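Enquirer: In order, the protein sequences belong to chains A and B.
So in the working numbering, spot 271 of the first sequence is number 271, and the numbers just go up one at a time.
So in the working numbering, spot 147 of the second sequence is number 147, and the numbers just go up one at a time.
These aren't lab readings, by the way, just hints derived from the structure by calculation.
Model, not experiment: these values are computed from the prediction.
Among the hints, erroneous ones may be present.
One copy or two, it doesn't matter: identical chains are merged, so the pair holds either way.
[Unchecked claim] Below, a list of computed lysine-lysine pairs in the DSS-like style, where the Cα atoms sit at most 27 angstroms apart: (1) 253 / 34; (2) 215 / 273; (3) 50 / 232; (4) 192 / 126; (5) 94 / 279; (6) 222 / 126; (7) 335 / 215; (8) 12 / 215; (9) 273 / 343; (10) 253 / 166; (11) 253 / 275; (12) 51 / 273; (13) 331 / 159; (14) 275 / 100.
Protein chains: 2
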Amino acid sequence: MSKIFVDACFGKETPYTPVWMMRQAGRYLPEYMKVRAEAGNFLNLCHDPKKACEVTLQPVDIVGVDAAILFSDILVIPLEMGMDLKFVTGEGPKFDDPIKDEADLDRLIGGDEAASKLTYVYDTIKLIKEKLADDKALIGFTGAPWTLATYMIEGEGTKTYNICKKMMYSNPELLHKILAKVTEVVKLYMQKQIEAGIDVVQIFDSWAAAIEPSKYDEFSWKYMVEIAEYLKSKYPHIPIIMFPKGIPAFLDKVYGNFEVFGVDWSTPMDLAKEKLGSKYVLQGNMEPCRLYSKEATTESVEAIQKVMGGKRHIFNLGHGILPDVPVENAKHFIKECHRVSKK
Amino acid sequence: MSKIFVDACFGKETPYTPVWMMRQAGRYLPEYMKVRAEAGNFLNLCHDPKKACEVTLQPVDIVGVDAAILFSDILVIPLEMGMDLKFVTGEGPKFDDPIKDEADLDRLIGGDEAASKLTYVYDTIKLIKEKLADDKALIGFTGAPWTLATYMIEGEGTKTYNICKKMMYSNPELLHKILAKVTEVVKLYMQKQIEAGIDVVQIFDSWAAAIEPSKYDEFSWKYMVEIAEYLKSKYPHIPIIMFPKGIPAFLDKVYGNFEVFGVDWSTPMDLAKEKLGSKYVLQGNMEPCRLYSKEATTESVEAIQKVMGGKRHIFNLGHGILPDVPVENAKHFIKECHRVSKK
């Protein structure tokens with residue numbers, strides 16, 4: 001059965017523009033909160049294929065999105081490379097043993113050995129594919145090497161990224177070694193996600209905006225492109241979505257072999273269309289805080305539809321949905337995307 | 001005596017391109033840390049004209065910048081409007097009584113009554129002007145109404161701005177009332193700073209990037225322009241620098257009566273020059289983390305000089321200097337800016 005979401009990724013005509021929401025399996029859903037409470041904590045939920053499958057499917061059933069996205073966390077990669085990951089309530093992820101030098105990096109597991117430890121992710125994918133309706137797509141994902149490296153070097157989320165950036169400007173060789181090692185694991189991790197059954201790949205570079213424009217390609221984009229090329233050479237039928245958050249200043253510099261460019265909300269959709277619309281299908285980009293108001297949601301959906309005209313487009317938010325958004329407003333967003341784009 | 005910095009703000013030819021650094025009176029300087037320790041805490045330092053004057057002058061003497069910037073904090077405005085400001089170590093500023101509704105706003109002091117309470121700022125300016133060398137300029141500053149309002153509504157720094165943005169999309173009238181009341185105070189505050197002796201005004205919109213492009217003018221820029229127009233009509237000889245951090249996607253939309261546009265490091269200097277260089281003098285924009293390396297500093301200073309060619313330009317960082325930067329690297333930055341631009 002043909003999946004409208006996959007068709008849209010390849011720029012084919014579809015009866016309406018499909019839509020999903022970043023972080024759609026998340027805290028705004030009471031049903032998610034219930035399963036998460038049963039799991040005890042966030043990492044347990046990632047490690048439990050049955051529960052991870054359940055929360056992956058919730059937004060498809062409850063909110064009506066056109067694609068499910070695998071429930072997991074980008075930091076399972078450094079975790080299985082051997083780093084000590086904790087989620088501290090109210091503070092986010094922490095590694096007690098950040099990478100400070102080459103010896104720290106050498107201690108980490110790489111390549112297929114690390115990727116093979118993520119069996120709970122592949123098991124989750126298989127379970128989801130048994131239960132997901134045939135016309136819905138399953139998106140698998142990974143963090144970009146740069147975004148993963150920021151946590152591995154800083155040891156936690158950061159406002160200034162000063163430790164990684166000190167490395168970037170004072171010891172770029174070490175940063176490149178870290179990025180290369182992570183890239184190898186990501187390639188094999190995504191290959192195994194595809195083998196387990198995902199229909200689409202999304203690579204999230206959540207901290208793209210932390211790198212100055214003249215250094216972005218060197219320290220992030222080229223590694224993302226390397227991953228995309230590797231997967232495309234083996235699985236040309238699996239579309240790839242690249243989402244580098246916050247690079248509106250240099251869209252001209254975007255290159256590589258992938259199908260969909262994810263537009264964040266800081267980038268005007270008409271600018272993205274002008275710079276990238278002929279090369280890539282565009283995904284996005286409603287400002288997630290508009291979900292607090294149905295009127296503001298409709299206004300934005302109509303404005304985006306006016307720019308994209310229902311062609312080479314996938315609706316989404318320009319970043320993740322926030323925990324305090326009313327579920328009925330999320331449903332309204334999905335309904336409006338379908339309404340304005342129906343042919 | 002003519003001040004090279006003021007001349008440069010007006011686009012006049014100068015013997016070299018002047019330079020200062022955002023947050024130049026700050027924690028990277030041991031001399032600052034000493035005065036701050038004596039003051040007991042950050043707010044005491046803002047309230048003490050003698051000590052505030054001392055730290056304002058330190059970077060001029062120690063690092064060799066061409067302009068001093070008044071030592072103060074943007075949040076003294078809501079403080080003197082009647083809000084309960086605390087600086088919690090390691091967590092930043094907090095207001096225990098954020099604005100939730102119109103009654104909260106009505107309780108705040110506005111206009112000249114609030115601006116008149118900031119005597120310690122005006123006294124600091126007078127003291128600085130007595131001691132600052134005649135050829136150096138003193139920059140006074142304020143936060144933009146939007147940036148101030150985010151703290152007044154959220155009660156603290158925020159990653160998601162979800163409380164203000166809920167207001168933006170669900171109750172924009174209330175947000176506009178808050179912004180208008182803050183704008184009135186800011187106009188009179190800056191007027192009194194000018195009367196006390198500052199040579200240049202900078203308006204910092206540190207959280208410009210929190211607003212989606214299509215709403216930026218409505219909720220921030222137009223208020224900044226209103227303040228600039230008010231000051232220009234009374235003090236045409238005082239140059240105004242606007243610094244909206246993180247709006248590279250829509251530089252075309254920048255308008256208003258002011259002299260200098262502050263370019264943050266996420267905006268490539270050649271893009272800023274192309275879009276705004278003929279209308280405004282440009283200030284900026286080295287990525288502050290380059291200060292960790294002298295080589296990376298020189299590389300960036302030379303690249304910026306190559307774009308700007310020593311014309312209609314003021315050197316600066318693209319954001320504030322970080323606390324762990326070696327003082328000798330800051331000195332190197334200043335020296336390099338002077339070296340590459342000397343005529």
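Enquirer: Does each hint hold? Answer for all of them.
Expert: Now the hints, each set against the structure:
no., hint, result
1, 253 / 34, "neither (44 angstroms within a copy, 46 angstroms between copies)"
2, 215 / 273, "both (24 angstroms within a copy, 20 angstroms between copies)"
3, 50 / 232, "neither (30 angstroms within a copy, 65 angstroms between copies)"
4, 192 / 126, "within (11 angstroms within a copy, 68 angstroms between copies)"
5, 94 / 279, "neither (38 angstroms within a copy, 47 angstroms between copies)"
6, 222 / 126, "neither (31 angstroms within a copy, 53 angstroms between copies)"
7, 335 / 215, "between (40 angstroms within a copy, 24 angstroms between copies)"
8, 12 / 215, "neither (34 angstroms within a copy, 33 angstroms between copies)"
9, 273 / 343, "within (21 angstroms within a copy, 43 angstroms between copies)"
10, 253 / 166, "within (25 angstroms within a copy, 34 angstroms between copies)"
11, 253 / 275, "both (9 angstroms within a copy, 18 angstroms between copies)"
12, 51 / 273, "neither (39 angstroms within a copy, 53 angstroms between copies)"
13, 331 / 159, "between (33 angstroms within a copy, 25 angstroms between copies)"
14, 275 / 100, "neither (39 angstroms within a copy, 41 angstroms between copies)"
Checked against the numbered hints given earlier, the structure breaks hints 1, 3, 5, 6, 8, 12 and 14 and satisfies all the rest.
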